[in-house]
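Please model the complete structure; the sequences and the hints are all you need to start from.
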Amino acid sequence: MNEAHQQEILLLKLGEVVLKGLNRNQFEDKLISNVIRRLRPYGRFQVYTRQSTIYVEPANPNCDMDEAAVACGQIFGVAAVARALPCEKSVVAIVETAKKYLADEFAAARTFKVESKRADKRFHLNSIQLSQQVGGMLAEAFPHVKVDVHKPDLTVFVEIREKAAYVHGPAMEGAGGLPVGTGGKAVSLLSGGIDSPVSSWMMARRGVWLEMVHFESPPYTSQLAQDKVLQLAQELAPWCGQLLVHVIPFTEVQEEIRRQCPEEYFTLIMRRFMMRLAQQVARESGAQALVTGESLGQVASQTMMSLGVTEDAVDMPVLRPLIGIDKVEIIRLSRRIGTYETSILPYEDCCTVFTPRHPNTRPRLEDVREAESVLDVEGLMAKSMAGVRRFRIKNDGTMREILPRTDKAD
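For the sequence shown, this note's numbering gives the first residue as 1124, with consecutive numbering after it.
Treat the hints as calculated values from the structure; they're not laboratory data. None of the hints are false.
Taking lysine to any residue and the SDA-like style, the derived pairs with C-alpha atoms no more than 20 Å apart in a straight line are: (1) Lys1506 with Glu1495; (2) Lys1286 with Phe1168; (3) Lys1240 with Gln1174; (4) Lys1269 with Ala1232.
Right, here's the structure in full:
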């Protein structure tokens, strides 16, 4: 076997993408382009697909395989990531490769088994025969490690594929879902709390390409609060891909609501303005939907009647991926995706400004519309949109401000 085949590669296992019928090639092509873009900071790689697996082969020894493996685990559409070593398609070569490549794993294990997959049906042994022969020779090579086919400490995976055989240990769980860019585009309302980053992540996992909207209310909210939200966006970017964050000034809107509207409707009218402004951003960006982090019954503005009042302010779909999920599960997901510690930093956002003491949890739409009618809705929106600032966040978390907006996401 030539030396190039003895260089470690990544095998990315596809999940839901394989269920796509005639459109499968489009999903695979998008996933490959996402992988190539995501791996650019870690070196030059050859990326291609064969038999429901994406191969990531380093073009030179300088590639950072550790960071590349972590990055691939955050790409939606990838179900699992295996670091593997290629070798010749022979039992002897497979055993020698396993002895060398998995030596540390064998040193730490007390039991093992071999699982084989014969994707190349021309290979002379079937999967069971291959596992038996390789397992027997490895048992002789590592006499302190016993065979246990039920609950082994170590599983050695052998894959016989078109170009070579591949040996690897257990694969790392991938992000799953569908490749970003295959599910349309939406604008997500991003606050500084726990819920909205998780809802954004969940929609990106369904293949949705996102832009973010955040509302600031100085002097009631601080620069630290805005920095916190931008940090959340930076933590989401490795999962969601490149993000554009629109920061919209909201102070005058909230002060006008406080001056002219009944206190019990403060939050609902505020939310209606947020939805309208997010919809305007969506239309300018070519997005087809809005995304919120609302969960039914979690707070007063998230009762069924309140959600209906809020959604009445816009005419495009509002996606609420957390609607039936309880707070414990939302927190678990926020820990998984790495946003929890930032979300709990004690810098409040504008959603907590002028919170009514006794909010109406069963509002009537006609009453809210009447309360809101005293406001110059179009004028207030125009002032807010005139002060928008925008920040581009790349996959690697680097950020720059864009003023005025002159480009679009790739």
